[in-house]
Amino acid sequence: MRDKLYPFSAIVGQDALKLALTLCAVNPAAGGVLIRGEKGTAKSTAVRALARLLPRVHSVAGCPYNCNPDRKDEICPRCAATLIRGNTVFRKRPVVTLPLNATEDRVAGGLDFDTAVRSGVRALQPGVLAKAHRGILYVDEVNLLDDHIVDLVLGAAGSGENRVEREGLSVSHASRFMLVGTMNPEEGELRPQFLDRFGLCVEVVSEKEPGVRAEIMRRRELFDLNPGEFGARYEKTDNKQALAIQSAAALLSHVVLDDSLRRMISEMCAEKNCAGHRAELVIAEAARALAALSGRTEVFASDVETVAPMALLHRTRTMAPPPPEPEPEHDHEHDHDHEHPEEKNKDTPPEEENQAENTPPPQGEREQKQKQEQEQEQEQDAAAPEDPEERQEKKPKSVTEKIFEVGETFKVRRIQSPKDRVFRRGPGRRSRTRVAQKQGRYVSARPRKKSGDIALDATLRAAAPYQPGRKAREGGGLAVILRKEDLQERIRERKTGNFLLFVVDASGSMGARGRMIASKGAVMSLLLDAYQKRDKVAMVSFRKDGAEVNLPPTSSVELAARLLAEMPVGGKTPLSAGLVKCAEMLRNMLVKDPAARPIVLFVTDGRANQGLNGERPVPEAMELASRLALDQRVTYIVVDTESRGLVSFGLAQGLAARLGARYFKIEDLKADNLVEITREARQ
Amino acid sequence: MKKNTVYPFAAIVGQEKMKLALVLNVINPTLSGVLIRGEKGTGKSTAVRALADILPEIEVIPDCPFELAPDGEEEAWAECVEALSGLPPQAPRGAPVSRKVRVVELPVGATEDRVAGALDLEHALRHGQKRVEPGLLAAAHRGILYVDEVNLLDDHIVDVLLDSAAMGVNTIEREGVSFSHPARFTLVGTMNPEEGELRPQLLDRFGLCVHVEGIRTVEDRVLIMRRRAAFDENPVAFAKDFEAESRELAGRVTAAKALYPRVSVPDTLYAEIARFCLEVGVDGHRADIIILKTAKTLAAYNGKTEAGSAEIEAAAELALPHRARRAPLQDVVTDIKTARGRKA
Numbered sequence: 047m048r049d050k051l052y053p054f055s056a057i058v059g060q061d062a063l064k065l066a067l068t069l070c071a072v073n074p075a076a077g078g079v080l081i082r083g084e085k086g087t088a089k090s091t092a093v094r095a096l097a098r099l100l101p102r103v104h105s106v107a108g109c110p111y112n113c114n115p116d117r118k119d120e121i122c123p124r125c126a127a128t129l130i131r132g133n134t135v136f137r138k139r140p141v142v143t144l145p146l147n148a149t150e151d152r153v154a155g156g157l158d159f160d161t162a163v164r165s166g167v168r169a170l171q172p173g174v175l176a177k178a179h180r181g182i183l184y185v186d187e188v189n190l191l192d193d194h195i196v197d198l199v200l201g202a203a204g205s206g207e208n209r210v211e212r213e214g215l216s217v218s219h220a221s222r223f224m225l226v227g228t229m230n231p232e233e234g235e236l237r238p239q240f241l242d243r244f245g246l247c248v249e250v251v252s253e254k255e256p257g258v259r260a261e262i263m264r265r266r267e268l269f270d271l272n273p274g275e276f277g278a279r280y281e282k283t284d285n286k287q288a289l290a291i292q293s294a295a296a297l298l299s300h301v302v303l304d305d306s307l308r309r310m311i312s313e314m315c316a317e318k319n320c321a322g323h324r325a326e327l328v329i330a331e332a333a334r335a336l337a338a339l340s341g342r343t344e345v346f347a348s349d350v351e352t353v354a355p356m357a358l359l360h361r362t363r364t365m366a367p368p369p370p371e372p373e374p375e376h377d378h379e380h381d382h383d384h385e386h387p388e389e390k391n392k393d394t395p396p397e398e399e400n401q402a403e404n405t406p407p408p409q410g411e412r413e414q415k416q417k418q419e420q421e422q423e424q425e426q427d428a429a430a431p432e433d434p435e436e437r438q439e440k441k442p443k444s445v446t447e448k449i450f451e452v453g454e455t456f457k458v459r460r461i462q463s464p465k466d467r468v469f470r471r472g473p474g475r476r477s478r479t480r481v482a483q484k485q486g487r488y489v490s491a492r493p494r495k496k497s498g499d500i501a502l503d504a505t506l507r508a509a510a511p512y513q514p515g516r517k518a519r520e521g522g523g524l525a526v527i528l529r530k531e532d533l534q535e536r537i538r539e540r541k542t543g544n545f546l547l548f549v550v551d552a553s554g555s556m557g558a559r560g561r562m563i564a565s566k567g568a569v570m571s572l573l574l575d576a577y578q579k580r581d582k583v584a585m586v587s588f589r590k591d592g593a594e595v596n597l598p599p600t601s602s603v604e605l606a607a608r609l610l611a612e613m614p615v616g617g618k619t620p621l622s623a624g625l626v627k628c629a630e631m632l633r634n635m636l637v638k639d640p641a642a643r644p645i646v647l648f649v650t651d652g653r654a655n656q657g658l659n660g661e662r663p664v665p666e667a668m669e670l671a672s673r674l675a676l677d678q679r680v681t682y683i684v685v686d687t688e689s690r691g692l693v694s695f696g697l698a699q700g701l702a703a704r705l706g707a708r709y710f711k712i713e714d715l716k717a718d719n720l721v722e723i724t725r726e727a728r729q
Numbered sequence: 022m023k024k025n026t027v028y029p030f031a032a033i034v035g036q037e038k039m040k041l042a043l044v045l046n047v048i049n050p051t052l053s054g055v056l057i058r059g060e061k062g063t064g065k066s067t068a069v070r071a072l073a074d075i076l077p078e079i080e081v082i083p084d085c086p087f088e089l090a091p092d093g094e095e096e097a098w099a100e101c102v103e104a105l106s107g108l109p110p111q112a113p114r115g116a117p118v119s120r121k122v123r124v125v126e127l128p129v130g131a132t133e134d135r136v137a138g139a140l141d142l143e144h145a146l147r148h149g150q151k152r153v154e155p156g157l158l159a160a161a162h163r164g165i166l167y168v169d170e171v172n173l174l175d176d177h178i179v180d181v182l183l184d185s186a187a188m189g190v191n192t193i194e195r196e197g198v199s200f201s202h203p204a205r206f207t208l209v210g211t212m213n214p215e216e217g218e219l220r221p222q223l224l225d226r227f228g229l230c231v232h233v234e235g236i237r238t239v240e241d242r243v244l245i246m247r248r249r250a251a252f253d254e255n256p257v258a259f260a261k262d263f264e265a266e267s268r269e270l271a272g273r274v275t276a277a278k279a280l281y282p283r284v285s286v287p288d289t290l291y292a293e294i295a296r297f298c299l300e301v302g303v304d305g306h307r308a309d310i311i312i313l314k315t316a317k318t319l320a321a322y323n324g325k326t327e328a329g330s331a332e333i334e335a336a337a338e339l340a341l342p343h344r345a346r347r348a349p350l351q352d353v354v355t356d357i358k359t360a361r362g363r364k365a
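Going line by line, the protein sequences match chains H and D. Going by my numbering, the residue at position 475 of the first sequence is 521; the numbering climbs one at a time, nothing skipped. Going by my numbering, the residue at position 29 of the second sequence is 50; the numbering climbs one at a time, nothing skipped.
Just so you know, these hints were derived from the structure itself, not from any lab. Computed from a predicted model, the values in this text were never measured in an experiment. A virtual CB, placed ideally from N, CA and C, is assigned to each residue, including glycine. Among the hints, a few may not be true.
Said to hold, decoys possible - Beta-carbon label-pair distances, calculated as ranges:
1. H/S299 - D/E334: 53 to 63 angstroms
2. D/G62 - H/K282: 41 to 51 angstroms
3. H/D61 - D/E170: 51 to 61 angstroms
4. H/F695 - D/S66: 52 to 62 angstroms
Stated by the list, open to error - In silico BS3-like pairs for lysine-lysine, Cα to Cα no more than 27 angstroms straight-line:
5. D/K40 - D/K261
6. D/K278 - H/K50
7. D/K121 - D/K38
8. D/K121 - H/K50
Same shape as in the complex, but just chain D (with noise of 0.2 angstroms):
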């Protein structure tokens, strides 16, 4: 695979929300991903290729499709060689190797048996034996599924994915073969609201939901220019440009994912969340769980051991404006404060 320079994240101007999404979702993956609606040109995609940049290293089985991880896996481990070979495992298993996590691009033309993995049907005809081949929720497991205007994803790929989703199991039964392994994913999107609106039910799916507009300050926009050229005319010197704050961010983000265990959330901000969302009114308890482990993993970016009510405001704002109740058709609300304003 040929590597291609990428913009690095560090040289994004401005998006800051958008940015900080990205990066809370990096140091906790639970946090199940973002949408990132916007205007197009608003460096949606750009920041999520990004990413790439500043993503940590897991450790994972060799030679293994599946991306399983060395520990807590190995039962996980031993269906999936069997699915592939068509034999149990013999031989014992590699000693784990380190890389970065991925970032899975899902392209909204995919198909079903791609996204889902599907008979091999070249090794069925040439060997008479029936294999598994690995679709893309293999590839994104415990990576980042990345998907570029989501809102045009065909219906029965979001079926696919709302099947995962829900319980990080991705279960295959088409064609004769009958398998699971486990995908979970940080499901990232990106999407022009004006193309239409997500299902309701992946729209709860992803954990926060950020709007992006284009930049009004003219500062900002000629510097935004300025990289861009500078970006194309040579990108491997404009990323070394870079390097050093690249580098400081993707140590930030280590730290910060060691310190989450650690970070604590006084007892009465409990209550606080739960007014919170039922002011605001939403659906379930997604939202309450999303906002208390945004506000952790905001404290732990931010260094700190413990979650004040800042980190939960600022937690709210990014994982309730997609699922304020509304009326039916309604528009996803943008501004969070007036919503609960509102309610309250």
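Looking at chain H on its own, in the form it has when it is part of the complex (with noise of 0.2 angstroms):
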């Protein structure tokens, strides 16, 4: 199989993948390397091929754990006692395919099956931290990583051991390695923590000159007709490289790091913000790296401005933005002299408002200009057909429609649900859950009731204490004999993905400066999250005398980002009829799936004007909102599109009140930055 690998050294371009790829096999301390880019541009192929290049390593015959016979303080017993016959050899450093779908008693190790049927004794198998201790970790798609492994893998790369305390056993081992990882950004980030890990990322994208890729098309088309024949022409290069990382890492403990450097890399790191301390100490190591790549044993300035962009670039940080502008002044100027202010705002994109540096006008002409907005406004809403006539007629030209584009995108802040006890079904990326399902994370086990979800680990070790009697009674040629009684099924846990019903205010205070842009914007990220959660998504929007479902619940959020791209805007606010439409699928999806936890969000300005019954209508609204806050089962969230900084009528923030919700601000909701992300994760 090692044969039909594409070798190293065939690779068309992508130099600084290779660099940041070699100057790791050189130098470990360079802490890996996180490779981000679109898919098909060689992620995998380059580190599969890498294997072959890795230097060998000092260590002992056939320990499962990879001792290195010259760190005496940290070998396993088992090394300790063969190490006296001198039994050490040089082996490559290890590539460890760590698969999506890794179970956690084979990624820390777990209980070993043979021996404790065989001989009775509880003896750890080693996991794949074990097998990657000095080494290459390797994960592909690393950003679809389950958390779990996630934090078992953090753990040991930040100790540099793993211990495990499961089963019944008590062990731990040394755990070095090297983190490399693929990823496609457009699946979902890493956690802030996560990203940290790697020493090195590179960005990689595809070659834009025909030529090149008219070569990568050739070169892998040989490649696929005859590899044996293929590698075997590469051969040279890629065993002159191996040697060139082999006489470099010998070389690397020579390879000094002047002071001067030293400076000029922490103000490098200072300057782009970074956290803590790794950064430095990556830059410093992988220019060591380089230096010895070149057969030097003097780091130059040159090797430090080379490598230091790949170990920024996943740890460079925007200063907290500072709080938005109170209120873009200029577009009331516009307001002014023009009719439709929000034909305006068409042209120019929302993030422009907040870049205004108009000095605030003086109160009391700030006021007034509130005034003349609010009635603007109320106008717009009156253009309500009136007349019922026209009303039965549904003409939708009649009213003043727009349709607005969507605003920017940006990536939304964490939103769950509370974890509890219930179980459910189904896939997804959000909330934590307990399932039913052979599926996710094995917390724990308990007494077999019906699943046929055996925890092995478990059963065996409930039947234990009863082999000697047990054997004595029954004898057999069994090694261990097991009862129904001793049967333990699994408890898994794993996230479920939630059902997000969106509630959009589509009524001609909306369509008021810019408000809508920014909602379809603010929307828009939210569809977009849910894609990386795995969402069900419903949309209702309300708008003139009525709500409408727009989307019945669907897995596919494309079909609900371009419903969300046509939809009209214009008319009265009916927020009483949005409620109760929303109400009724709730009721209908609680019926249906009395386990679910729906996420609803209102996007609106809760400027209600338009009753159910002829009753007033923001005392009708309340009084719904408080009887739907009943059902604890779901979460609620409210969009005030309000901007920030009016003197405001604080109607969303009412009805927020009144469903028990959390109340967002468009802005509040973005979470670009990076503070913020962890603190989220974090929590």
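With the hints as a guide, bring the two chains together.
What follows is the structure, given as structure tokens:
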């Protein structure tokens, strides 16, 4: 199988990627590589090809932990015994693949089944973390790795040691490895903590030059036709490269880094506002490796400059953004001489507002503008057909209807429903839940009821104490005598997708001052987030004289996105109708799946002006909201589209209070600053 | 196993593009599969199942559930034997046997352990021995892995597929089992886009993509009804009617397979493929490689030893629809020519 690998030196272009991998091969202290990029850019190919070029390390023959005989302090007990016989070999640094579906016992190590059954002794079967010691731990699509596996890897990466405390085992062994991962950012990002564990990060893109692309095609085709012959053709260059890495690794301990360069490095990191000191360390080590590769024992400034971008790419933080400007004033000026403010906004992207550097006008003038603006909005709302005849005809043209473009999208903060003890089915990545299927993290075991998901380790453990007695009584050739009552089943936990119901206000007041553009941007961002978390979505919008289901529950987030883009705006604000429709949908949903925990997002300014039965609109809506809040299974979120800084009606806030909802301004939904994501992730 | 008579491939009316994409994949398994998108009731599943009719034969090591090839996979074979029996191979293995390439169906509700393989629990408890129970990926090695309604596949199963499709190796690290075996398969999926889209990463793993829709001409629709009724009435007799055609197609596939290594592509056309991909805007280089291979396979299928512009044009239409770069959450491009025109 080894011969079927595409040779490293046959990879066309991708120099940064190849350099980063080579540096890590020379100096493991450079800390591994995260390869981010589009699909089909030789990410995985390069990593697997690297395996052949890795230098050899001194190790104990046959040790499952790949012990280093030169580090007597962290040697495993078995090796301590065999070492006396001088049983050491040189072997290649291992490349161990961690598959996405790996179970915890195989990653950290678990009960050795054979030994347990044959001799009744509890022994550790070393896991992937043991195998990867002093080598590379490679994870393809690393951003899809389950959280609990990430925790294990992080634990070992942090301490250089893997402690196993499970299934009655208590073992720890050295586990220092380089993490190499590939990911496609389309599928979601890494946890910041995990991201930082990768020493270097490279972004790969496809080649844009037709000639180079043609060469890639040619080589790939030759390789597929005859891998053996193709490999032989590049064997020489591959061997040369391997030799270069080997000698650079040998030279490494002699390479020194001048103090002035250290200062240069820390200035670089300070400038990029990096968290922690790992960036400095990684740059220093990578620069040493680069010097060693060039056959020098002294690091040049150019080495540092070459490697620094790779260490800083994923650690650069922008300063926390300043709070948004109170209210874009220049817009109001346009309002004065403009009949349709929203048309103006159509041409100016919403972010421009925040960049407005106009000094705020005196308070009096401001209030006046505010008042004018309110009036305008009311006019717009009033443009809804009051004439009953017209209403019956349902001519959509008769209302000032507009379709707004989708505003800027952003990364949204974490939204999830609280964890509980209910079992439920279905895939997804948002909230944690207990599951009754044979999938997900195996958290613990309990005596078997009816599930076929037997926890082998727990079963054996349960049976172990009775073995001598049963054997004496029953005999038989079996190593373990199991009784029905020994059987244990697994309790698993995994994230399920949520059901997200968007209730979007599409009334005329939303059309004013780019609110709808920003709202659509916010909803689109939430939809993108929903895609990454594999949620089901549905959408209800309310405007004119009623609410309608734009999108029944679906997993097709694409469909939701298209509908959102086409959603018209105009007319009155029948908030009550929206609430009623929302309640209907929730009821249907919860009847079908009583264990579901839907999340409802209201995107509105709360300015209800159309009641259901001629009631006063606002009190009616608030009353309905209180009733909706009674169902504890639903999590409500209100996204207030009213701009910050105005003399606000606070109606959306009131709605949120009645619903028991979390309340956000659109700006609050953004989670694009690293510090905030970290904080959210820790919670 | 009971052998049901399948609807003959040659008897499928219309849907030429879908049939072509499937046949090309049979000729050249490195095209890595087809995604068939379309409405319900357009013969998607029928066509895939009917493929069994025209599949060529391959040589395999006897009694090996991993479907390993007798040449070049001996090393893997030894590992597999050990994983299955707990003992290194002792007796020399039997002479290779040849049998038809298999179509292995992956049901949407399959569990991870059944797909990737897992610890054989029964054996473990009964004999106190650890043994691997091969999964569907093992069975699909060198064959076709067929997923109906692939867009409904559970996320973690998709991850398993992605993992092994990437490098043609399936690695099992679960429940005390640590084992890897070759798993190179042609991935064939059908889906109805109304039910949701595929994840981009998985989408890219399908070499080709075709859209199917119901046939619009009355005569053809009548023909479909007539054939279906005849088949339902007497499948065996119906299959017999098409036997000659099926055999001819199978022969053409075998001939094309033999011809493929000798098909050449003029140097200038490499650049044309690259330019095509750049104009449409694709991620990565997989599209280029697939177009090249598809064009060559197409030439071989037509009995030619050189692929020309026409083949490349046709190949691009099959390989690009799902790869043309789109804005987030936008629909998949249906017409590749307009996509190219728009960019150019």
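Cross-check of the supplied hints:
1. H/S299 - D/E334: 53 to 63 angstroms: holds, 58 angstroms
2. D/G62 - H/K282: 41 to 51 angstroms: violated, 57 angstroms
3. H/D61 - D/E170: 51 to 61 angstroms: violated, 42 angstroms
4. H/F695 - D/S66: 52 to 62 angstroms: Check passed, 56 angstroms falls within 52 to 62 angstroms.
5. D/K40 - D/K261: holds, 20 angstroms
6. D/K278 - H/K50: holds, 21 angstroms
7. D/K121 - D/K38: At roughly 24 angstroms apart (the allowed maximum being 27 angstroms), D/K38 and D/K121 satisfy the hint.
8. D/K121 - H/K50: holds, 24 angstroms
Going through the hint list in order, the structure does not satisfy hints 2, 3.
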